[in-house]
Amino acid sequence: MMQSPVHPPFDLKRFLRILPCNLFAWILLALYLAPVLFMINTAMMPTEQLGDKSAPLYPSRITPYEYQGRQYRIYNVPAEDGMKQWALINPGLEMSQFIDPQDPEAGLIEWNGNWRSLTGVYEPYFEWENFTVLFKSLPFTQMLGNTFFLILAGEVAVLMSSIIVAYGFARFSLPGGNLLFYLMIATILIPEKITFIPTFFLYVGVLDWRGTVLPVLLHLFFGNAVYIFLLRQNFKSLPIDLEEAGMIDGAGPLRRLFYIVLPQSWPVVITVSLLHFFYAWNETRLASLYLGTNPELMPVSFGVQNYQSLISIDNVIDASTVIVLIIPVIVLLFAQKYFMQGLVITGTER
Amino acid sequence: MQTTQTLGKNGMVAPSVSIETRYKHQIGLMLISPWLIGLVVFKLVPIIASLVLSFTDFHLLTPQQTRFNGLGNYEFVFTDVKAGAVFVKTIQLAMIVIPLQTFASIFIAALLNNKDLLMKNTMRTLFFLPSIIPSFAAALMWSGFVNPSTGWLTRLLLSPFGLEGLNLFSSRDTTGALFILSSLWTAGPGILIMMGSMQGIAPEIYEAAWIDGAGPVTRFFKMTIPLISPAIFFSLILNLTAVFGGAILMDRGNTFRGTFSSYDGYVNYVLFDLFQMGYASGLAWVFFVFVIAVVLILFRTSRRWVYFPERD
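Chain order of the listed sequences is A and B.
With my numbering applied, the first sequence corresponds to residues 48 to 397, in that order.
With my numbering applied, the second sequence corresponds to residues 18 to 329, in that order.
Just so you know, nobody snuck in bad clues.
The calculated DSSO-like cross-link candidates involving lysine-lysine, where the alpha carbons are at most 27 angstroms apart (straight line), are:
| hint | chain 1 | residue 1 | chain 2 | residue 2 |
| --- | --- | --- | --- | --- |
| 1 | A | Lys60 | B | Lys137 |
| 2 | B | Lys41 | A | Lys283 |
| 3 | A | Lys283 | A | Lys384 |
These are computed hints drawn from the structure, not numbers from a lab.
Produce the complete structure using the sequences and hints provided.
This is the structure:
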């Protein structure tokens with residue numbers, strides 16, 4: 048949008064050249080994201096529609112009709128003089144009675160045939176209750192508060208430690224050269240299970256930290272290897288002149304980091320904080336182990352996942368998933384520019 | 018991009034204007050000390066502890082009665098039929114998932130870098146979007162989508178062409194197939210890594226090939242692929258460790274029970290249902306050694322197929 052402030056005349060040749068690529072990309076994207084759309088669609092469906100094969104694909108219900116103070120439904124009825132849309136009053140297997148909504152005064156119309164063979168007349172209908180039921184059955188505000196506390200505390204801890212460590216790796220020679228840095232990369236490859244078993248015993252069996260936020264947050268104060276890697280690559284790519292000038296003026300390493308390096312590194316800092324945001328928002332593994340016993344500390348994603356295991360209706364499950372997804376998706380869409388930039392640059396550096 | 022690369026090549030370290038190396042070492046160590054402490058407390062000590070545990074019959078409920086049982090756990094791993102079955106299944110899945118993820122991310126990255134593509138940033142974000150969906154939700158969405166009677170796969174994509182029979186999810190055990198499908202959704206970070214690598218290729222190289230008469234397909238396979246091979250290697254290692262339960266660029270937060278890797282699932286069963294921590298440690302260590310071996314083999318062979326630009 049930004050590239051063409053002046054609208055050029057429509058260029059058919061260019062249009063035909065770029066059409067296949069764009070068309071293909073959009074079709075591929077539609078297929079790639081189709082399950083998401085499917086879920087959003089299902090989330091808005093009334094429960095009756097779920098097993099109804101003759102219903103349209105979009106959220107809908109059989110059109111209701113009120114007759115003498117009661118609700119009836121409108122069906123397509125093959126009458127003698129063509130297809131009619133009548134409201135079903137008395138369903139029967141051999142003979143059913145209908146009312147013509149166009150002409151209710153005419154009274155009951157009898158039709159011979161099984162009413163189950165008829166298809167309904169559908170109208171679009173969104174079942175918002177699928178969403179509201181979640182708020183009624185879960186302490187949602189409290190869970191949201193818990194999640195935001197965990198995210199905020201985690202962000203501060205992991206950003207501070209990772210930034211400082213990354214600066215150390217980027218600008219200072221260490222004993223053993225790059226060996227410690229490679230060791231850090233190697234720790235990314237350690238399967239979680241290896242370190243998990245003793246840690247779990249320590250937290251639960253020895254320290255009795257179950258039901259506290261400590262096991263979920265503590266390790267974040269010591270940096271995260273992936274974040275340190277991303278930040279270090281970015282710090283290394285910055286010109287060093289300003290830092291040298293700062294050094295000559297007597298600024299210490301932390302001062303140089305916070306006053307010279309960080310102001311130039313917003314994209315990657317935002318990227319890392321977003322990565323942690325998405326992680327912390329979706330985190331259910333540690334939450335299920337350490338926070339699961341304390342309902343007061345339950346974060347949103349674990350609470351909803353727990354809730355989903357208790358109910359069996361697809362539309363309500365999908366609605367709760369939509370609710371969990373909506374915040375990270377909005378954040379991603381708003382921050383897309385920085386996020387993509389920060390990650391792509393790192394890819395170049397490798 | 019250009020500046021980043023030239024700067025990166027210099028191997029920048031703060032010039033020692035008037036500071037001695039030892040002093041710099043000290044500052045460096047002080048700065049990285051949070052990570053060093055974390056390394057010892059959260060990695061090294063637990064690794065050694067789990068290694069020690071793997072030689073014991075440590076049970077969560079009766080820690081006092083723990084005794085060393087030598088190689089007993091390991092003997093049991095190799096005779097445990099269930100462990101063998103989940104091991105084979107995990108490797109089978111990995112053999113499908115990892116190449117699929119790699120090809121998908123190269124392909125989508127190439128598409129997203131295409132000069133004819135409009136709205137590039139939006140497209141990139143939308144292709145990245147599934148990577149932030151937690152895996153329990155992803156599994157739900159895919160199983161709903163492929164459901165033979167109500168899912169869109171049948172109703173929207175296959176039925177209009179009379180191909181309902183092609184829906185493979187109607188009959189057999191579908192967890193494996195679902196895992197493969199939803200693993201495509203973790204391609205996001207891989208796509209970004211490949212994309213960044215492709216953007217780092219100097220346009221002059223392509224121009225030269227174009228003048229020499231190389232078509233787009235030749236250019237892609239003979240130039241792009243070799244030039245981004247470091248990125249392919251990098252994402253291969255990441256995918257590998259992700260499938261085998263390592264940390265990943267985007268942790269999508271599956272629960273212990275909701276894990277898809279069968280081996281991981283079995284370790285969880287031993288851990289949380291049987292509370293046999295000693296045996297679970299043994300199982301985890303067998304797999305750890307296997308992953309290390311695979312990674313080492315990859316590094317060994319990397320010299321043959323990964324293009325590392327000349328340094329210095």
